[in-house]
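Peer 1: Could you put together the complete structure from these sequences and hints?
Given next are the chains, with one letter for each unit.
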Amino acid sequence: MTAISEEMLLAYADGELDEVSRRRVEASLARDQALAARLAAHRSLTAKLVESYAPLAEAPVPDRFAALLTQPQKIASKPFARRPFAWSGLAIAASLAFGVFVGQELGNKAAPLSVQRGQLVAQGALKEALDTQLASNQPTDAATRIGLTFRAKDGRWCRSFDGRDVAGVACRAGTDWRLEQVLPGRVSQAEFRQASSEDERISATVEALMADQPADARAEKMGLDDDWK
Amino acid sequence: MAFEGELLALVPRLRRFAASLSRNSADGDDLCQAALERALKSREQWQEGTRLDSWMYRIMRNLWIDEARARRRAAQTFAPEEAGTGIGHAGDRDIEDAIGVSDVGRAMARLPAEQREVIALVLVEGLAYKEAAAVLDIPMGTLTSRLVRGRTALLELMGEAA
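Sequences listed follow chains W and E, in order.
With my numbering, letter number 39 in the first sequence gets 39, and the count goes up by one each step, no holes.
Numbers in my numbering are just positions in the second sequence, counted from 1, shifted up by 229.
Certain hints may be false.
To be verified - Stretches of chain E that chain W covers, calculated by requiring three or more beta carbons in the stretch to come under 8 Å of a beta carbon on chain W:
hint : region
1    : 252 to 265
2    : 293 to 303
3    : 341 to 352
4    : 355 to 367
5    : 370 to 381
What the hints assert, rightly or not - Here are the in silico distance ranges between beta carbons for each label pair:
hint : chain 1 : residue 1 : chain 2 : residue 2 : range
6    : E       : ARG298    : W       : PRO139    : 50 to 60 Å
7    : E       : ASP332    : W       : GLU58     : 51 to 61 Å
8    : E       : PRO341    : W       : ALA40     : 40 to 50 Å
If you're looking for bench data, these hints aren't it; they were derived computationally from the structure.
Beta carbons are placed, not taken as given, at the ideal position from N, Cα and C, and that holds for glycine.
Peer 2: So this is what it looks like as structure tokens:
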């Protein structure tokens with residue numbers, strides 16, 4: 001039997017192998033307990049790495065960064081600046097990114113996005129669509145269209161979407177959908193380039209996040225039935 | 230206009246990347262700040278339609294390398310004095326905060342820079358090999374062999390067989 005190199009084993013663990021090599025590694029893993037133990041050790045190491053740095057990516061964005069990124073736009077004018085506890089840098093950034101609508105509607109239940117603990121998450125109709133809409137079975141005139149559904153390398157379910165106001169990629173975080181990428185939606189196309197699930201920026205994000213393949217209709221349905229856990 | 234917004238949306242991931250390169254999250258945030266400032270200054274170098282996150286990772290990584298070089302020079306300059314007072318090298322004193330004191334943080338801090346950065350990009354940030362190799366501007370073979378060496382070293386440092 002051919003030995004599986006450490007590089008190949010790790011590429012397997014990282015989801016970087018083509019089908020043929022993947023099968024070869026799997027066949028060896030089934031026979032070779034020492035190899036399987038090495039894979040387990042590497043997987044546990046990866047999990048530890050992810051876990052120890054995750055809190056930073058989940059923590060609220062410190063004010064110093066929010067200030068840095070909002071300052072150049074001289075946005076610190078009326079409503080936000082007077083209410084220090086109500087404004088969030090992320091909210092301002094979001095309004096920069098999407099024009100007036102989020103600025104006016106963030107904090108409004110009708111807005112597609114809100115800031116929870118410093119994270120941009122989907123809410124309202126967008127959350128509803130991400131929670132319940134199947135790409136394999138969605139009305140052609142759906143307000144939000146789900147693009148691809150897939151598992152990220154860290155195991156989270158993620159979905160790309162495009163809608164009237166925003167398009168992007170969101171990944172499951174608890175019961176929320178956290179935005180990994182946000183782009184202006186269809187309505188903003190006069191001002192910005194139109195974003196859709198075919199948008200190369202979205203494809204690039206999907207490709208970067210995705211562990212393996214997009215979910216097919218059956219896998220998507222199973223994800224939904226399992227509450228995207 | 231969208232540029233700042235997209236940067237801000239990336240900040241959580243950038244802080245994580247910065248922390249995994251640095252010895253602790255305070256140093257990481259300084260690095261993150263420097264990278265954001267650099268990005269704002271050189272925004273016209275970013276091409277719309279290309280990956281902003283890859284561009285930012287590259288900026289941050291290059292700043293970190295520069296910083297590490299400067300530190301090494303400083304350490305060489307001040308080495309006799311430090312040895313005299315028995316303080317040890319600067320890095321050890323910095324290991325204080327949550328990430329720094331964890332086994333993982335300590336082990337990461339002991340890896341050579343070239344291994345730490347591939348681990349940070351591929352395992353912590355979850356980039357595909359191809360993307361990580363592009364950020365670092367190294368061939369795929371170099372990336373994969375650094376990944377093997379870095380992970381093997383981490384497993385040894387963390388003293389675990391499983």
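Peer 1: Could you tell me which of the numbered hints above are not met by this structure, giving the numbers in increasing order?
Peer 2: 2, 7, 8
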